[in-house]
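Participant: This is what each chain is made of:
Number of protein chains: 2
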Amino acid sequence: MPDVPTKILLREDEIPTHWINLLPEIPGGALPPLHPGTMQPAGPDDLAALFPPQVIEQEASAEHEIAIPDEVREALGLWRPTPMYRARRLERAVGTRSRIYYKYEGVSPAGSHKPNSAVAQAYANQQAGITKLTTETGAGQWGSALSFAAGLFGLEVEVYMVGSSYDQKPYRRSMMRTWGAEVHRSPSDRTEAGRANADHRTGSLGIAISEAVELAAQRPDTSYSLGSVLNHVLLHQTVIGQETIAQLALVDETPDVVVASAGGGSNFAGIAFPWWREKQRRGLTTRFVATEPMACPTLTQGVYGYDFGDASGLTPLLPMHTLGHGFVPPPVHAGGLRYHGMAPLLSALVAKGEVEARAVAQNETFEAALTFARAEGIIPAPESAHAIRSALIEAEAADAAGEERVILFLLSGHGHFDLAAYDEYLAGNLENPGFSAEERDRALAELPQGAPSLA
Amino acid sequence: MPDVPTKILLREDEIPTHWINLLPEIPGGALPPLHPGTMQPAGPDDLAALFPPQVIEQEASAEHEIAIPDEVREALGLWRPTPMYRARRLERAVGTRSRIYYKYEGVSPAGSHKPNSAVAQAYANQQAGITKLTTETGAGQWGSALSFAAGLFGLEVEVYMVGSSYDQKPYRRSMMRTWGAEVHRSPSDRTEAGRANADHRTGSLGIAISEAVELAAQRPDTSYSLGSVLNHVLLHQTVIGQETIAQLALVDETPDVVVASAGGGSNFAGIAFPWWREKQRRGLTTRFVATEPMACPTLTQGVYGYDFGDASGLTPLLPMHTLGHGFVPPPVHAGGLRYHGMAPLLSALVAKGEVEARAVAQNETFEAALTFARAEGIIPAPESAHAIRSALIEAEAADAAGEERVILFLLSGHGHFDLAAYDEYLAGNLENPGFSAEERDRALAELPQGAPSLA
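Residue numbers (the working numbering), protein chains in the order written: chain A, 661 to 1115; chain B, 661 to 1115.
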């Protein structure tokens, strides 16, 4: 066996005891969300109809660390700590001198990092006496995670699944029902928002959010749950990065670069935020690269400004990189990365130059996924494959510069429900859908007026 | 956190260094396979056209332990050691006083225990200068495992997939292709056996075996690989049980009963054989329960005799429990358990009273699977769910007797490709297909004549 093991494992008692909160550490201070009517900072009251008190506290907390409740740690123990791997076979396959490590979140029951936040949110709701959660789901990862987590804490779940995904991904739907959730095709006839959009047969994430939010706002026993973007979701994901700090310490390594994909920002934050704080404390030179699809290049082609979090303009205004809330990304297979905006905390770090952004094309991403699957065995989710492609770009650059880099990336989930996309790639039918700068410009022209400029 | 952790993990250097060979330890001696023409013991020469020398040696070895080659251990390190769990949430859900532990093999890239043997077989073939493997697959678990493993060792693979599965499980097919395998619908027009059976559009495991064997026998650079039944396959799976011995030692427990499902016998052998030897050495009182579907009750309703391993009578005669090689089990969702025979080593232990057998019905198996998924998170494969149902029967019996049992079962794989079956169960459409004793009697009447009686 090699002296550095392929797989670096922690014990169950090494599951982190705290979440890391970067909100009070953003250089220059983090910007608040704004109420779209008054353009004043949105406060706890603006969120009280949708979220339980614990979540609202976490969303705006000034604490640098927040203790993880025992019940949440016990639930995380069903699959955490997750393994970290030295990608020896991948290194050999591409012939790099760099050392590549990856953290794998696909071992969770739902198959991605999403349950890290889902169990925390389900617990917070149970503590508040909430008995039912509503949420939306596109490709199905978040809906699956919340269905699983809600079941653990005895809560009911209603998932509004984007119509086209509901039709195309029947097994994600079955998975949610197996865990006990109600799954409705959106637009449904169960809400005003659904009935008003009955003509949009394929649905959209915007409509599904509106349905879930409408129901939660009406019922005192029901809350709404969101799977990315907001501060509390990013917070919950920091268990990932903390585990990698312990795991790389076991083999005496420090990453030169930390790479992850970025859709709403929670998986990137999960691995990168703990390392960003570690960098400040230990004076490291680590770089950070958030990687997005060329078809939805929020960080690389968007503007930094105040915009709505949803397509219909129901949410507070968030300070973030955005392609405009009316921007509709072309249909790439990485459904989890098709979001017009980006988490405010991640956007702030990109705006300050603390985090780099990179956009990659769909076909080169699937090529990297195939190289990875054949070398390391795991078939990656298309979202996670963006991080693989980006890590290989780092390795190529290091080899070209005659350097050996230590590259750490997050493999956020497996692709067991995405094999139709692999079929299309193998058949040579996959396109590199173009980003439409014209459509972005049209969408940006509709940015809400009167919000402070961030440029 | 509880004092006994939920998840019991080993380090990578604790992957077993040896396989455990029960062949020389079977009470009264193991019976040899017979050549169907001469009724004389089949020797290495009878296997040389199909298997590489290392595999043939392992099949008949008199050694009690066989060292695992470093290259195989390194490949196993991609996912081993696998986790063992204390099923606290399941215990609470069913209200038992017993302590239930389960070993989980679904973390392998292919999602089951099958890669344990696939990597060993791929390595043995690479060492022998073989460049291509042929195999058959029904539901797709074995075909996936071999496609993954062959890729690691640079071998090509041709998989003959039973026609009905090929049509119904497109994603298992995509998974094999993602790892680089050629997948053909069986019956194909690529072999005599396929062309002769062109009228059987849905195919059968028997026809697919014949296609794979025919090609391997014709080509000197090509071998055939089998995923269960034979001694060497059971041997390769003993890493599972050895790890559980180390894992239960960490929490100071000894199992009162070890439970697994049994189709061809390799997953049962994987967990039970090391514990059976441990029982002899340490004087334990551990019981063993092999669990099969009522629709294909080989151990509980078959006879113990010499029969062909395949449906068409191409293989040597194996001393085993059998429903007759012409028996066609009704279509239950646990495709991996629909086999007329049983591994000779496991059959011998059942015949000697060392291992108990239990048959469970399809609906109660899915009910147990749902209880498990909602408590523990993991959605089990229908095959693995037989072990869950059987473990819960043990817990119920213990509670009824006022006992606390330590129950260890093998969760051999996840159900990510079996969600259509869950849909049918949730919709109340699942049947308990009846076992046809008449069909068994017809099939048993065709047992080969002239072989020694084992009854």
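Hint data in this document are derived by calculation from the structure and do not stem from the laboratory. Each residue gets a CB set at the ideal place from its N, CA and C atoms; glycine is no exception. One should not assume that every hint holds.
Said to hold, decoys possible - Partner residues aside, some chain B positions facing chain A, computed with beta carbon under 8 Å:
#, residue
1, D673
2, E674
3, P687
4, L691
5, G811
6, F813
7, E842
8, S864
9, H1076
Said to hold, decoys possible - Derived Cβ-Cβ restraints for the label pairs, each shown as a range:
#, chain 1, residue 1, chain 2, residue 2, range
10, A, L1086, B, D849, 16 to 24 Å
11, A, G1062, B, A909, 45 to 53 Å
12, A, E1084, B, A1080, 45 to 53 Å
13, B, E725, A, A906, 32 to 40 Å
14, B, A909, A, E717, 27 to 35 Å
Participant: Sort out which numbered hints this structure fails and list those numbers smallest first.
Facilitator: 2, 3, 4, 6, 7, 8, 12 and 14
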